[in-house]
Amino acid sequence: GAGVSQTPSNKVTEKGKYVELRCDPISGHTALYWYRQSLGQGPEFLIYFQGTGAADDSGLPNDRFFAVRPEGSVSTLKIQRTERGDSAVYLCASSTNPLGTNEQFFGPGTRLTVL
Amino acid sequence: TQLLEQSPQFLSIQEGENLTVYCNSSSVFSSLQWYRQEPGEGPVLLVTVVTGGEVKKLKRLTFQFGDARKDSSLHITAAQPGDTGLYLCAGENPGTYKYIFGTGTRLKVLA
Numbered sequence: 001g002a003g004v005s006q007t008p009s010n011k012v013t014e015k016g017k018y019v020e021l022r023c024d025p026i027s028g029h030t031a032l033y034w035y036r037q038s039l040g041q042g043p044e045f046l047i048y049f050q051g052t053g054a055a056d057d058s059g060l061p062n063d064r065f066f067a068v069r070p071e072g073s074v075s076t077l078k079i080q081r082t083e084r085g086d087s088a089v090y091l092c093a094s095s096t097n098p099l100g101t102n103e104q105f106f107g108p109g110t111r112l113t114v115l
Numbered sequence: 001t002q003l004l005e006q007s008p009q010f011l012s013i014q015e016g017e018n019l020t021v022y023c024n025s026s027s028v029f030s031s032l033q034w035y036r037q038e039p040g041e042g043p044v045l046l047v048t049v050v051t052g053g054e055v056k057k058l059k060r061l062t063f064q065f066g067d068a069r070k071d072s073s074l075h076i077t078a079a080q081p082g083d084t085g086l087y088l089c090a091g092e093n094p095g096t097y098k099y100i101f102g103t104g105t106r107l108k109v110l111a
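Keeping their order, the protein sequence lines are chains A and B. Heads up: the first sequence is residues 1 to 115, going by the numbering used here. Heads up: the second sequence is residues 1 to 111, going by the numbering used here.
These are computed hints drawn from the structure, not numbers from a lab. Accuracy of the hints is not assured; some may be wrong.
Claimed, not checked - Chain B stretches covered by chain A per the calculated footprint, using a threshold of three residues with CB under 8 Å from any CB of chain A:
| id | segment |
| --- | --- |
| 1 | 16–25 |
| 2 | 68–80 |
Claimed, not checked - Under the rule of at most 25 Å between Cα atoms (straight-line distance), these lysine to any residue pairs were calculated in the SDA-like manner:
| id | chain 1 | residue 1 | chain 2 | residue 2 |
| --- | --- | --- | --- | --- |
| 3 | B | 57 | A | 103 |
| 4 | A | 17 | A | 85 |
| 5 | B | 56 | A | 97 |
| 6 | B | 70 | B | 40 |
| 7 | B | 108 | A | 60 |
| 8 | B | 98 | A | 17 |
| 9 | A | 11 | B | 9 |
| 10 | B | 59 | B | 93 |
| 11 | A | 11 | B | 41 |
| 12 | B | 98 | A | 61 |
| 13 | B | 59 | A | 61 |
| 14 | B | 98 | B | 59 |
| 15 | B | 57 | B | 16 |
| 16 | B | 57 | A | 61 |
| 17 | A | 11 | A | 26 |
| 18 | A | 17 | A | 31 |
| 19 | B | 108 | B | 93 |
Here a beta-carbon is modelled for each residue, glycine too, at the ideal position from N, C-alpha and C.
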């Protein structure tokens, strides 16, 4: 079956612009995570959804970042007034059940470059 | 703030050599996972360890969770070029579904 997909694969934008990054999780996966990975670093947690609700958004760096998952499937990460420091690879992961030992299936990521 | 430090940060070895990667924290985790990531792709899960002192083997890879569930190690026997990649540990924050990833170890195995 299809894995986690993310679009676009690459996004180049100018400082101050608004961007949306999309994640299509594996069908039936109720849990969805967003991470940000800077060059040479491990992924940094941003937000976790269980169904439609954001169960933990403690990793969002500031109020320019927002994410939604209105129907409990596809999720969109939205970044307003982008800054050069937002440049990174944004990873999405989904899993069947957040309880216990939980395998997260990752997408290939969206590489965001803010000029 | 919980941190997971991995060492070494970079490792370049010859095919057939053995190596160990360490993942250390001052915090306790409910479980700990190891992932491997290749360029342009997302991380792929290798193993999950849950119990303090637990040892799991996956072919030539041996994973151990520390007795206090604060640290872990990954040992690779007779490394092969196909083992090349970025190795990441990730600890599950107790009482949450939040995973803290380590700083990563970039391994290159030369033929």
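Hints versus structure:
With 0 residues having a Cβ less than 8 Å from any Cβ of chain A, the segment 16–25 of chain B misses the three-residue criterion, and the hint is violated. For the segment 68–80 of chain B, the stated coverage by chain A is not satisfied: 0 residues place a CB nearer than 8 Å to a CB of that chain, which falls below the threshold of 3. A threshold of 25 Å between alpha carbons decides the hint, and for residue 57 of chain B with residue 103 of chain A the separation of about 17 Å falls inside it, so the pair holds. The hinted pair formed by residue 17 of chain A and residue 85 of chain A meets the criterion: a straight-line CA distance of about 13 Å does not exceed 25 Å.
Straight-line distance between C-alpha atoms of residue 56 of chain B and residue 97 of chain A comes to about 22 Å, which keeps the hinted pair within the 25 Å bound. The suggested pairing of residue 70 of chain B with residue 40 of chain B is violated, with an alpha-carbon distance near 30 Å, which exceeds 25 Å. Proposed proximity of residue 108 of chain B and residue 60 of chain A is contradicted: the alpha carbons are some 33 Å apart, above 25 Å. With a C-alpha separation of about 30 Å, the suggested pairing of residue 98 of chain B with residue 17 of chain A is violated against the 25 Å cut-off.
Between residue 11 of chain A and residue 9 of chain B the alpha-carbon distance is near 29 Å, which puts this suggested pair outside the 25 Å criterion. Restraint check: the Cα-Cα separation between residue 59 of chain B and residue 93 of chain B comes to about 28 Å, which exceeds 25 Å; the hinted pair is violated. A threshold of 25 Å between alpha carbons decides the hint, and for residue 11 of chain A with residue 41 of chain B the separation of about 16 Å falls inside it, so the pair holds. The suggested pairing of residue 98 of chain B with residue 61 of chain A holds, with an alpha-carbon distance near 15 Å, which does not exceed 25 Å.
At roughly 40 Å between alpha-carbon atoms, residue 59 of chain B and residue 61 of chain A are farther apart than 25 Å, so this suggested pair is violated. For the hint linking residue 98 of chain B to residue 59 of chain B, the alpha-carbon distance of about 29 Å lies beyond 25 Å, and the restraint is violated. With a C-alpha separation of about 18 Å, the suggested pair residue 57 of chain B and residue 16 of chain B falls inside the 25 Å cut-off, and the hint holds. Pair hint residue 57 of chain B plus residue 61 of chain A does not hold up; C-alpha atoms about 37 Å apart against a cutoff of 25 Å.
With a C-alpha separation of about 23 Å, the suggested pairing of residue 11 of chain A with residue 26 of chain A holds against the 25 Å cut-off. A hinted pair counts as satisfied when its Cα atoms are at most 25 Å apart, and residue 17 of chain A with residue 31 of chain A does not qualify at roughly 29 Å. With a CA separation close to 30 Å, the supplied pair residue 108 of chain B and residue 93 of chain B exceeds the 25 Å bound.
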